[in-house]
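**Q** In order, the protein sequence lines correspond to chains L and P. Counting from 1 along the first sequence, just add 376 to a position and that's the residue number in the working numbering. Counting from 1 along the second sequence, just add 147 to a position and that's the residue number in the working numbering.
Treat the hints loosely; a few may be bogus.
Straight-line distance between alpha carbons at most 20 Å, and here's what the computed SDA-like set of lysine to any residue pairs gives [as the list claims (entries may be wrong)]:
(1) P/608 <-> L/638
(2) P/421 <-> L/690
(3) L/539 <-> L/776
(4) P/424 <-> L/566
(5) L/690 <-> L/716
(6) P/421 <-> L/798
(7) P/424 <-> L/710
(8) P/424 <-> L/417
(9) L/537 <-> L/505
(10) P/608 <-> L/630
(11) L/690 <-> P/323
(12) L/537 <-> L/435
(13) P/424 <-> L/803
(14) L/690 <-> L/796
(15) P/608 <-> P/500
(16) P/608 <-> P/517
(17) P/424 <-> L/798
(18) P/608 <-> L/633
(19) P/424 <-> L/429
Hints are computed from structural coordinates only; laboratory data are not their basis.
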Amino acid sequence: MATVMPAEAAPQARTPTDWQAPDMQRRIAARYRAERNFRFLGLAALLLAGAFLVFLLGTIVRDGWSGFQRTEVQVSVTFDPAVLGVDPAAARGPDGLTILRRADWVGLMLVSANRLGPAADAVSEAAWVRLRDAVIADPALLGQTRTIWVPATSNIDLLAKGKFDLDAPAESRGVSDEEVSDWRLLAQKGLIRTGLNTTFLMEADSTDPELAGIRGAAIGSLLTLLITISIAFPIGVLSAIYLEEFAPKNRWTDFIEVSINNLAAVPSIIFGLLGLALFLNVFNMPRSAPLVGGITLALMTLPVIVIAARVAIKAVPPSIRDAALGVGASPIQVVFQHVLPLALPGILTGTIIGMARALGETAPLLLVGMRAFVTDVPQGFADPATVLPVQVFLWSDDVQRGFIEKTSAAIIVLMLVLLLMNSLAIYLRNRFERRW
Amino acid sequence: MTTGVILLLVLALGAMAWLFGRARGLAMVAAASTANGPAIGAVHSRPFYHGAWVAMLALAPALIVLAGWGIVGEGVVEDQLVASLPQAAQPATALDRAALMNEVRGLASGDLPQAFNPAAPGLARQYAAVKGNFTLMAGAVALTLFAIGGLWAFSRLRPDFRARNQVERLVRGTLIVASAVAILTTFGIVLSLIFESIRFFELVSPSEFLFGTRWSPQTAIRADQVGSSGAFGAVPLFWGTIFIGAIIAMLVAIPLGLMAAVYLTQYARPSVRKWLKPMLELLAGVPTVVYGFFAALTVAPAVRNFAVSLGMADASAESALAAGMVMGVMIIPFVSSMADDALSAVPGSMRDGSLAMGATTSETVRRVLLPAALPGIVGGVLLAVSRAIGETMIVVMAAGLAANLTANPFQSVTTVTTQIVALLTGDQEFDSAKTLSAFALGLVLFFITLLLNIYALAVVKRYREAYD
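If we strip away everything but chain L, and leave its shape as in the complex, we get (with noise of 0.2 Å):
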C-alpha cells in the first residue's frame, strides 16, 4: 500500500533552470537595473532634501552677507553754533549735555548735506544722530569744520552693494533716475565707503532699513529664554524624576503621563492661545513682555524637557541605586546624590535642544502681543519686546526693498545661535555620556 501515490506527488521531470538563456538574462537584466533604479531613487530623495537644504542657506547667506555692511556717505560740516541755535559758553557749562541734547541737529544736518550738491538726498534721514554723538563726545568741535561719515539711505546703500538691476527700465527696477546718478556722483567723488554695519548689530529696530538693528531682539529673545529655562528646567526635572523614580502605578501617574505626551505633540500655537486667555487676559500680565513670552514658551518646552530627562534617569543603571540603597541612602539620597548627578549630562542635553526650539518659535509670542515695534533695547521683564524670530517675521513684511537683506542677516544671526546651541548640545553629549 506504501507503493500506491498519488499522482500530483509524482517526481516531476524538471529541466534545471537555464541562467544563459536569453529570455533569463533579460529577466535578471531588468532586476538589476529595477534595484539599481531604486537605490538611485533612495539617493535622490536625500540629495533633493539636501539640495533644498543647500538652496535655501544659499539665498539667504547671498541676501544676508550684505546686511552685515552698511554704505557711508562723507560730509563736509561746520558745527557753527549759530546753525545749532547753542551758545557755546553754556555748551561747556554744567548744563552742556542737555543743551547740546536739544540742539538743531537735524537744521545742522540739512545745511551739510546741501554742501553735496544734488546727491543731499543721499544722507540718511537720521544721519544727525553721528552729528551729535560725535560732538557729545568731543563739545571742542563746536566752531569747527570736519569731514564726518554719514550713513546713507537705504537706496544708495543698495545701489553700492550692487542690489539693483540697472539695465532694468527705471519703472520696474525699483529706483529712480536721481537715486542712480546721486550715487554715481558720489562714487565718481570718492564720498561713498561700505564698512561694517555696527548699527545692524547694536541698535534696535527702527522703520528705516539702513537705521534698523537687531540688538533689541536679541536681548529679547536672551530676557524670554531666561524666563523660559529658569521655569522649565527645574519643573521639568522633578517631574521627570518623579514619574521615573517615585511615582505609583496608578490613574494619576498615567494620567500626568498622557498629559505631557499630549502636550509634546500640541500645535505650539495652541500655547499662544493659553497665554493670550491666562495670563494676558485673566491674570492681566503686560503684553508684549518677556515675563509672558517666556512662560509660554516655558509650557512649550516643558515636555521635550521632561521626556529627556526621563530617558537620561532611565539610563542609569539599577545597580547604582541598588548600591547607594544598600549602603543606607534613602531613596531621595540615592536620586539627588546618585542618579541625578549620573543623568545630568542627558538631561543638559535636552535642556539645551528645547531651549534651541524655543528661540526659534514664533507664532506663540505672536499671539502674546510680541510682534511690537520696539526701538529701545527691552531693559527688564516687563518692558514691551520682540525676539529675534519675531524680528525676521516682522521685517519680512515691511515692503521696503533695504529689509530683504535685513531679514535675511538676522536670519542668519539667529541660525548661527542655534548652531553653536546644537553644536553645544553635541558635544556635551559625546563628551559626558556614559554608556553602562
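For this one, chain L is given, so just place chain P on it according to the hints.
**A** Same frame as chain L, now just chain P:
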C-alpha cells in the same frame, strides 16, 4: 525697590536660614560629643538637613507670595491706575489700555520723551509711587511669612527631631507639585479654549461655524455698514488646512521621507550615513519662520511664474502650492525618522529570508519590509499630518488670507492657523465675534491634532507589539 531686589533679598536670607539651621545642628552634635568623639545617633539627622529644613520652611511661603505677585502684580497696579482716571478718559478696549500702559511705563522709566495719550503723563507720575507701594506690601508679606516659617522651623530643631525625614517629605511633595504642572497646563488649554469658544458660540451658531462655506470675519465698525455681521463658515479654512498640510505637503514629504529612510537603513554605508543623517537633522532644526521667509520670497514667485507660463494669467502671488511644498520639505526629516523606526522594527529574519530566496534588496524592501512596516509608517504619517496642520509660520507668510474653496494649487487658500494669527494680531476689542472665533478655531485644531496623535500612537504601539 523692585520685585527682583526683594527676590534676591529673600534668597540671601534663605541662605542665611540654612546656615543658622546647620549651625544649630552642628552645635547639637558638639553638645552630644564626648572625649571619645561624637556620639553616633545622639542627633537623628545630619546638620545639613537641619539647615535645609529651616531654609525650606522659610523660603517656600515667601517664594509663593513673590511668584504670585510677579504674575498678578503688574495687572493690579494697572487696575489701580486706570481706575483713578475719570470715567471719560478711561481706555475703551484692552488694546487701548495696553497702549496707554506702555506709554506710562515708557514715561516712568524715561525711555519715552513724550506720549500721545493725554492721560499718560499724569499716570506716569503716579506709576512709580503706586507700584512701589504695592511691591513694598508684597515684599513685607513675603518677609513676614519668611520670618514666621523660619522661626517656627528653627524652634522645632532638637537632637531627636527627624529633620531628614521631614525634608524628604517636603521634597517628595515638591516633586508631585512639579509633575502636576503638565496636568494644569492641559487643563488650562482645554478650559481657556472651551470658555472662549462658548462665548463665540453664543454669537454664532456651531452649525454655521462648522458647515458654513463663507468666511469673512471682518466686522464693520458701525452697525449700519455693509457686511456688519461678518460670516463665520469655517469650511474653507478646514479645506485649506487639509489641502496644504495633508495633501500637498504629504505629496512632497511621504515619497521623499520614505525613500530617504529606505536608503539610509538599507543601502547607505555607515560612513555615508554619518554625513547624511545630520543633514536631515539640520533640516529639522531650521526655524519655521526661516522656511516661511524662503517660501514667501523665493518659492512663491517661482510658483507664480510657473503658473503664468502654464497660461494662468491671474495666478496668485500667494499659492497653496508654494506653502505646501516648503512645508513638505520641513516635514521630510520627521517622516524619515518615523519610517526609519518602523523599518528597523521589522524582524531581521524576514529580511534575511527574502534575501536568501534570491530577491534583490529593492524587491525585499518593496515586497517584504514595506508591507510589514506599513502600520508603523501610517502611524508616522498621521503624526506628520498632525504636525503639518498645526504649523503656523510657513502658511502665515506664504499662504495668504483669502478663504477660497478651491482645489487649484496655484490659487491662494487660507488655513486655520493663519486665521488665528490674523484674527488675534489686529487691533480689535477682545470680546468681538472676530477675536473669539480664533479660539473656536483653536479648539477645533486642538481636538483634531489630539485625536490624530492618540490614534497614530495607538497604531504605532500595536504594530510594535505585533513584532515583539
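**Q** Need the list of violated hint numbers for this structure, in ascending order.
**A** The structure conflicts with hints 2, 4, 7, 9, 14, 15, although it agrees with all the remaining ones.
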